[in-house]
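Mind docking chain F on chain P? Use the hints.
Chains as they are written, first to last, in the working numbering: chain P, 111 to 591; chain F, 356 to 807.
Read the hints as simulated data drawn from the structure, not as lab findings. Just so you know, even glycine gets a beta-carbon here, dropped at the ideal spot from N, CA and C. Each statement offered as a hint is correct.
Here are the in silico distance ranges between beta carbons for each label pair: (1) Pro398(P) - Val459(F): 57 to 65 Å; (2) Asp304(P) - Asp705(F): 42 to 50 Å; (3) Val569(P) - Arg623(F): 27 to 35 Å; (4) Val749(F) - Pro211(P): 45 to 53 Å.
Derived, one-sided and incomplete: chain F residues facing chain P with beta-carbon distance under 10 Å: (5) Ile402; (6) Ala421; (7) Ala431; (8) Val458; (9) Asp461; (10) Asp465; (11) Glu489; (12) Asp503; (13) Trp536; (14) Asn723; (15) Asp726; (16) Leu807.
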Amino acid sequence: MPDADRFNPSDLPPLSLDADYWTLRRVDEVSQSYAVRKNVALPHFACTDRGAMATVYAGGGCGYAATGDLSPAGLAAALERAAALAHATARYAIFDSRTLPRPAPRGEYASPSLATPLRSRRDWYELLMTESRSAPADSRIVDWEASLDVLHATHRLFTSEGGDIVQRYRFLFPHMTVTAHADGVTQTRTLYGDRGICQQGGEEILERFAFVGAMRRLADEALELVAAPNCPSGTMDVLLMPDQMILQIHESIGHPLELDRILGDERNFAGQSFVTPDMFGSYRYGSPLLNITFDPTRGEELASYGWDDEGAVAERVHLIRNGILERPLGGATSQQRAGMPGTSNSRADGWNRPPIDRMANLNLEAGDATLDDMVAGIERGVMMETNCSWSIDDSRNKFQFGCERGRLIENGELGAVVKNPNYRGISANFWRSLKRVGDESTVRVLGSPHCGKGEPSQVIRVGHASPACVFTDVAVFGGEE
Amino acid sequence: MNAPRDVAAPPAAMEAYFHDLAAVLDQSLAAGEAYTARFSAEASDFIRMNRGKVRQPGAVVQRYLAVELIVGARHASHLVSLTGDLAEDRAALRSIVSGLRAVVPDLDPDPHLMFATEIRPTRAARGGPLPPSEAIVDAVLGEASGLDLVGLYAGGAIHRGFANSFGQRNWHEATTYNLQWSLYHRDDKAVKSALSGFAWDERALARKMDEARALLAHVALPPRTLAPGKHRAYLAPAAMEEIAALLCWSGFSSRALETKQSSLSRMREGARLDPCVTITEATAEGVATAFQGDGFVRPPRVALVEGGELVGSLVSPRTAREFSLTANGANGDESPEALAMGGGALEARDALTALDTGLFIGNLHYLNYSDRPACRMTGMTRFATFWVEKGKIVAPLNVLRFDDTIYRMLGSNLEALTRDTELILESSTYSERALASMRLPGALLSELEFTL
Chain P
111 MPDADRFNPS DLPPLSLDAD YWTLRRVDEV SQSYAVRKNV ALPHFACTDR GAMATVYAGG
171 GCGYAATGDL SPAGLAAALE RAAALAHATA RYAIFDSRTL PRPAPRGEYA SPSLATPLRS
231 RRDWYELLMT ESRSAPADSR IVDWEASLDV LHATHRLFTS EGGDIVQRYR FLFPHMTVTA
291 HADGVTQTRT LYGDRGICQQ GGEEILERFA FVGAMRRLAD EALELVAAPN CPSGTMDVLL
351 MPDQMILQIH ESIGHPLELD RILGDERNFA GQSFVTPDMF GSYRYGSPLL NITFDPTRGE
411 ELASYGWDDE GAVAERVHLI RNGILERPLG GATSQQRAGM PGTSNSRADG WNRPPIDRMA
471 NLNLEAGDAT LDDMVAGIER GVMMETNCSW SIDDSRNKFQ FGCERGRLIE NGELGAVVKN
531 PNYRGISANF WRSLKRVGDE STVRVLGSPH CGKGEPSQVI RVGHASPACV FTDVAVFGGE
591 E
Chain F
356 MNAPRDVAAP PAAMEAYFHD LAAVLDQSLA AGEAYTARFS AEASDFIRMN RGKVRQPGAV
416 VQRYLAVELI VGARHASHLV SLTGDLAEDR AALRSIVSGL RAVVPDLDPD PHLMFATEIR
476 PTRAARGGPL PPSEAIVDAV LGEASGLDLV GLYAGGAIHR GFANSFGQRN WHEATTYNLQ
536 WSLYHRDDKA VKSALSGFAW DERALARKMD EARALLAHVA LPPRTLAPGK HRAYLAPAAM
596 EEIAALLCWS GFSSRALETK QSSLSRMREG ARLDPCVTIT EATAEGVATA FQGDGFVRPP
656 RVALVEGGEL VGSLVSPRTA REFSLTANGA NGDESPEALA MGGGALEARD ALTALDTGLF
716 IGNLHYLNYS DRPACRMTGM TRFATFWVEK GKIVAPLNVL RFDDTIYRML GSNLEALTRD
776 TELILESSTY SERALASMRL PGALLSELEF TL
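So here's chain P without its partners, still in its complex pose (with noise of 0.2 Å):
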């Protein structure tokens, strides 16, 4: 099977395509997986997947065809399968694809420090015992787990316009879990939330995030939060870590900026937005110290590339600034539906799902405040990190979310551990409470490889940075008693 980059369209067989214009997008993912729990290897896992995706416009229709048979006759039959469901729908279509853009990229995009070689198999497993050996022999600990996959991909587009780009990947996924349990109480504490750490790069990400050394400091976290007390509840502010702040940011305000979410897509399944089109330009959608940009060129980051999946080439650009919302999150073909500009954000999980709109990277801009100015300045507050519990509803603006560990601030003082943080409000509103935002020494690049979406249903990488953050009159709760 050739791969990616020997690929070449001109070995297809001559195509008698009734189409106004066509893709073809091949995908080649190769996985890695490494764990040790509770000091025992799990068994060695790799991934190899490989494949296609012909879109074809065609009498005002647009079809997709997906297919494994990476063979000059399986593309051919991929882009004749697309082009019969173009023209087999188009009367049906909700938009015309004649009026679409029809680019034509060339060039290649490569992810940081792909060329430095990783550590042998057997190193990781070794670097993964040792830590997993460093978690404390208490009874009290019940589980833990350290573990890391490395994911290499090569993602080319070619179009029938002369296109051609080839983005090469390296993402790597540390992961650390540690539970305690005792008299009844189970807490759970994590190194940066679930897949939280997530980078483009080397093995230099482990050191950005002191994996090597964690599991003692997160087994000695997990068993203060056994025997701490709830989280109070009542009316005040919280300072938000920025392994809560990407949960925040992705949930109230990446989903609801999404165009296909507005054009109503997503109705039936991820749902839509309390955003409307005619709010982009003077909606005041937080206090005038939020500012979210969309950046897919901040290297290291999660989903940063060079091209979207549509051809659309990377660029940075402001959604909020100063408070105030200025565009959406819409690739080239919600842009030309909604009338409205966006960003180059179309972007498939795979070679057998179709690119739809997607985060990429949303970033919460730094300000000036340091994390002692931030906690200095709360009277009575909770300072809260990791999240492990997120629920908002479908239009994206009732929210509860809950953090792994709490810290109490009273008189400007940080104060006692408190487990089981959680705090509820409407994004609407939420934002527009925003009081400090932290600087760059507080700024973590972190993101999540899962985030769900779509008909036929995609799970997509998303890179987030943002610094810490202060919020006012937040209602703020603890877990049953």
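Here is chain F on its own, set in the frame of chain P:
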């Protein structure tokens, strides 16, 4: 042009192809080696619709094989996508086995390794040809003429297989469809419907569309906003599906129970649900495969909750080894794939009357635990959710957030379950079309706590 090879192969051809792949693995083994192999393939049409029109029509043909090489107590696995060309796939599998052979010596012996050695072949095949998806689009959009319909048609053949070096072969194929759609009045006010099965049924489509259209008239009434607090509530089976799905996330997992991470851990310490609650993993009554990923054949039923007490759990082979338990056909995630909850005494047609005044909740959305050890969960109402007075629908409700424990919802506050239960085929299309189902009743609650 050569004939395309990666089209929807006839079922018999796909089964023969799978057996050919297994034969390649048999021939690739060296002395002292064993293998297991899991096959998953589908040829699916996906027609996405919005505003009564077609948004994205597509077709996906995919084949995957997960090969596990076992040498003594060392083992490693590799999942690979296949092309459908046997010569090419044979070469790929030989390469995979060679690669695994190089990996295995780097690994420690696995004390929790367990795989099937008793040969238990099974075979199941259901469903016949479906109409072309183009014809189904004509039918669906024709029925919904003039309506704001949004949804997805997913249909086609699904294949699952298992093979091992001991000679076991298992095969499961099903040609199914799942049409999920919503009719919108405006904003977030809508009615959601589903039609799924093994044979396309245009009369059933017409009937379901008529029912949805009738309910849409209630959705179009002026909405009411309810203040947070405790209210009587009736949860329709589709809403119960969301609650059951959350419980399936670690709740019935033996490993999660043994390590105190299950949301139902307190049921091992005496917490209980209402005595009328019975929950079973009823593989024989669902659409899941009769075999799990390591080659163990599933029992037809595994009792999980009886008389409101936790009496069982799902045990994967690995968990069985780790905690000295008996495996009972669960996959590695130990999540139910054919959960069935028993019905009660309430006739579904009497649900509004029994509710009297309170919320009729048609659907819930985006549930999660707000305190997992206490099995306290939160989520939102969605779609057809109404305020009911004296047994009559008065108004659609604006969305509300609930936050309550399972021990109140299906325990102290459970008034009744409906006699009839509804079979709901899993509609998930993440990575592949799911083969799972739930059978659930509706539930009448004396109160449910709403917080936002």
